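Note that the numbering used here gives residue 991 to position 991 of the sequence shown, counting from 1, and the numbers run on in steps of one.
These aren't lab readings, by the way, just hints derived from the structure by calculation.
Only a predicted model underlies this, so the values are computations on that prediction, with no experimental measurement involved.
There could be a bad hint or two in this list.
As the list claims (entries may be wrong) - So the derived label-pair ranges between C-beta atoms look like this:
#1 Ser571 to Thr269: 50 to 58 Å
#2 Glu1009 to His855: 41 to 49 Å
#3 Gly1120 to Gln865: 24 to 32 Å
#4 Arg802 to Ser571: 22 to 30 Å
#5 Glu672 to Asp576: 33 to 41 Å
Virtual Cβ for every residue (Gly too), placed ideally from N, Cα, C.
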Amino acid sequence: MDSKFVLEESIFTNARRIADSDAREHYIRDACGADTELQVRIRLLLRVLVEENSFLESPVETTAAIDLLYGEAEEVGSSIGPYELVEQIGSGGMGLVFLARQNSPVRRMVALKIIRPGMDSRELVRQFESERQTLAQLNHPGITRLLDAGTTDSGRPWFVMELAPGLPITDFCKQRAAAIPERLRLFEAVCSALHHAHQNGVIHRDIKPANVVVTEVDGQPVPKVIDFGIASVRGHSTDEKSTETTPQIRSRPKSIMGTPAYMSPEQTTLPDHDVDERCDVYSLGMLLYQLLTDSRPFPEISWQEIGFTETRRIIQIVSPWVPSERVLDRVKSGLEASADPAGDRPTTTAARSRTESQRLSSQLQGDLDWITMKAIEKDRSQRYQSVADLAADIRRYLHHEPVQAGPPLGVYRLKKLWRRKKSRVLVMTLTTFVLILAGVSVLTARMSLSQRKAVVEHTAQLDILRAQRQRQSSIAALHAGFEEYFRGRVDIAREKLQLLESSTGETLERGFAGRYLEQLCRTPQRVLKGTGGRVFNVPFSPDSRMLVTCSGDTRCALDIWDVANGQVVRSISGFDDDVNSAIFSHDGSKLITAEEARMIRVWDVLSGTELSRLEGFEQPVVAMYLAKDQRTVVISEVEWKSKLAVTWVCDLQDPTHRIQIPGQFPLGFDEERGIFAVVSDAGEVSVRNYPRFSAEGSLLGLQPRTVCGSLSHDGQLLATGSMDGNTHIRRLSDSTSEKLPRNAPVPPHIRSLAFSIDDKFLIEVTSTGFVHIWETSTRTLQKVFLAGIGETWSCAVSPDGRWLAVGCSDGITEIYAWSAITGVRRSVLQFEQTISDAAVDVRTRDFAVLDATGHVRIYSSDDDQLLQSILVPADVAFRNLTFSHDGEYLWMTDESGNVKKVRRVTSEIVQSFPTYGVRIMAPVVSPDGRFLGVSTFNADSNAGSVCSGVWDTKTGKEVFRLPDKLTPSVLMPHRVNEFLNTSIAVTTQQNIVSRWNPATGAEILPRLEDPKGWIFHTSAAPDGKSLLLGLRDATVVLWDPDTNEFTYELRGLRSTLNATEYSRNGTTLVTATQAGEVRLWDLPTGHLICELPGAAGPISDIWFSKDERRLLALVNKPGGGSEVYVWDAGESE
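Produce the entire structure from the sequences given, and follow the hints as far as they go.
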């Protein structure tokens, strides 16, 4: 190698490690001596490292000097590989970017980046190849894709990227005059792209507006992250002495890389391997700052003019103005500049700008200020700990939910001040301490009793505010925990729970929601540790006592495990290649394997000896089904590169008998029903009949890249999964198909599917290691958990329904108790007939149900056990019931409007009286037990137009009747819905709420009229004074009659409110709707805690068990009948 080149690289490497600019310059002069050309060369190389604009922009003098030293670069019109250079569109310190045309094998315009002439030192070439390798491992619509790569004849590397024409994100937003929500949605998309990069271990390290380009796809703006030139990859060696035999992605050690205006403090001090994704969080925060304010965080600083030392000081210590203050400062400066010279007044345009800026500043104050400043905290431990956390707070802001960010605590601010100016702070502290001592002495001597009282009251108010803030933060953490869990990020959900537990000061009572999330995140398991690689198949034996793991890679083997003790019963090794799948014979004595070595073999389970084999297949055998005759086997062979499949019907006892079904891959087999589901090479999913395998089967739809499937045990449903991360559930009876909804980014690959034994759930295994449990009736995600420590490959449910097995990487298979997975939310009671009414004993929380035959059964809410059956006369048809306040009696009504009081213990009717002669609704009992509120179903009752009233429970006499109409425009009759305090009857009439004194029959004002729509539900709030109202537009409001105002509104329900429940301490509200959705709200703040996996029908009643570890709901099924669901929080660990 040229000795001059070695000297140049040695001086360059040593100089870049000297932080102080003066010392570095002194070293360069000494090391280069009189060789001025070498000095210039070294300085130019060093400038490349700290250049502010690194990808599409580069100062003219820098690039010109480089070209002068090393010769001209490629010219427009020349070709590099199959690409013709059309136009130079970018020039960076290290590379050139061209618009290029590809003519074959496809015609398209691309972006080609090539290292600049003279920049081909080993260090810079390694960095260039690092960017190339980084792009190759990323696949996200928000990141430019790598299309091709190569090296010129002179040895300079190049690569080709997807062309992303467009504007930098800040310019795009300015040009479009985009509103704040639109900018935030674009920013959230950028976060999604960076989160994908972080999940793949890539840290960008140079996020800035020029590296986020907005293009338009189908008329919609799509931001794309570009230029991974200085990205680092976690988990790769950065030791320059490491071996070069294995390609590694490495960053330059001990370099200061990035753009100063957007660079995180740790990039200026820490080595590369200590810089994590929080570095990108900081840069994203700076980008968000500019998007919100249309101004750089430090507009007054010229980074190229200040020295390196000052640059690092500003990055590490100086914080920009709060965004809302920056907007006001900018408009103030603009007004001074635009003042009328004659009258010294702002021009009309400037005045308008001031108004708009004041409005914008007001919009930024609070949440957006807090989010931005939290993202750009100098101390990275105080920042968002991931891009996902930052994006989650942006979503919360857009959805008007409480954000996790908040103003920095005073203690934290004092710490930062102490670190910057220790001596001044020390003097100020001592001076302040002396002054405080003197002041306290004087104030104590002079303070009057009233002044002391005022101080106590003020302190109490501060304590209340502090507690409110703490509660909001805790609720936000709990809400975020549920969001992360149902997005599949169980580890982050656990972190949110830990944050809830470790919070200081006034802590939030854990409550049902916290315990339920803890139960969701807990997944009991048994781990089988084999010695192979990927576990491709995990079939159970017919008696569910044994499990087989089929593995490949480092050890191609088949292990048979005892499910009860997790021990290996027998191992079969010596396979030439991967064992792709296996299946037990129906009596469990034999095992058939499908192998990568293009054969199937039959083994004796007890001895492990080979009994027979079928060979001669052209491609690897991957899937297999065995008919009941135990000799007919349906297999499929696949050519992996082209993904073309061929299905064969073979006879294990006659190797010459084979039926070929070309171009089809099997998805499911049900011999009893004659069902054989397949997918063609073109993605057509269809069902063929068995045993003819004729092609006249019904076409179920098109799903390209389908790779796995499962038939439900009742033969009604077919689930199909594809390589694009989508799963469809198809109903065979009518060929309808429904794609499972995703709240999280689509997983890269669906690997395996299986139905539970009762077909109520579908297990979905993804390549990312996550297992999803879906409820088939509602198509809702019920549970998510992470299996293994890497990718997941297969799953199976044991024939007895007790176990779920998941095959992972590194020879690991995990077995889960099925009851533990689905036990957190399940149907515990089923009724063939629809339940007419239900009631809950407020003391014991036992619940009673009344069916259409008049049969009453009382169950325990703690364990769903039947406690009692109420025997009623055969000639009485009861329709409604409710418990007395002491729980000793049941008030019940019949078809004729008679009210009967039934003793719970003996089933004896102890009181009976008639009301209005027609069927009435469920009676409402006052808390003191003195009154009953009675309402008929129809206005045309025997009592004339009056259909509601209040009755005395002791005498069975009507106390007073409600008037027919309160206003002429009212169409609907009165309903007595609730009692407030001890005896104030609450009635609703269409869109009016009124209160009445039963003792006098007089209305109590004020009356609530027209509360934004008809009223579908009312319930008394825990304070006994306020009313919760469910309106027609699915809004829920809390009305305070004393002030005649709404305390707050709860929004977001998808259908009308049917039922509510409150926790014992009155802080948690549960809402259940006509659509079966269940939500938990925090009443003190009015914020949503979570939405639980819902029910498959309207919910008529919902209630807590006595210990509030269970939430139960009565659900009326759309097809008839009812069931009781339970959401079980279990026991705390």
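Violated hints, by number in ascending order, as checked against the structure | none
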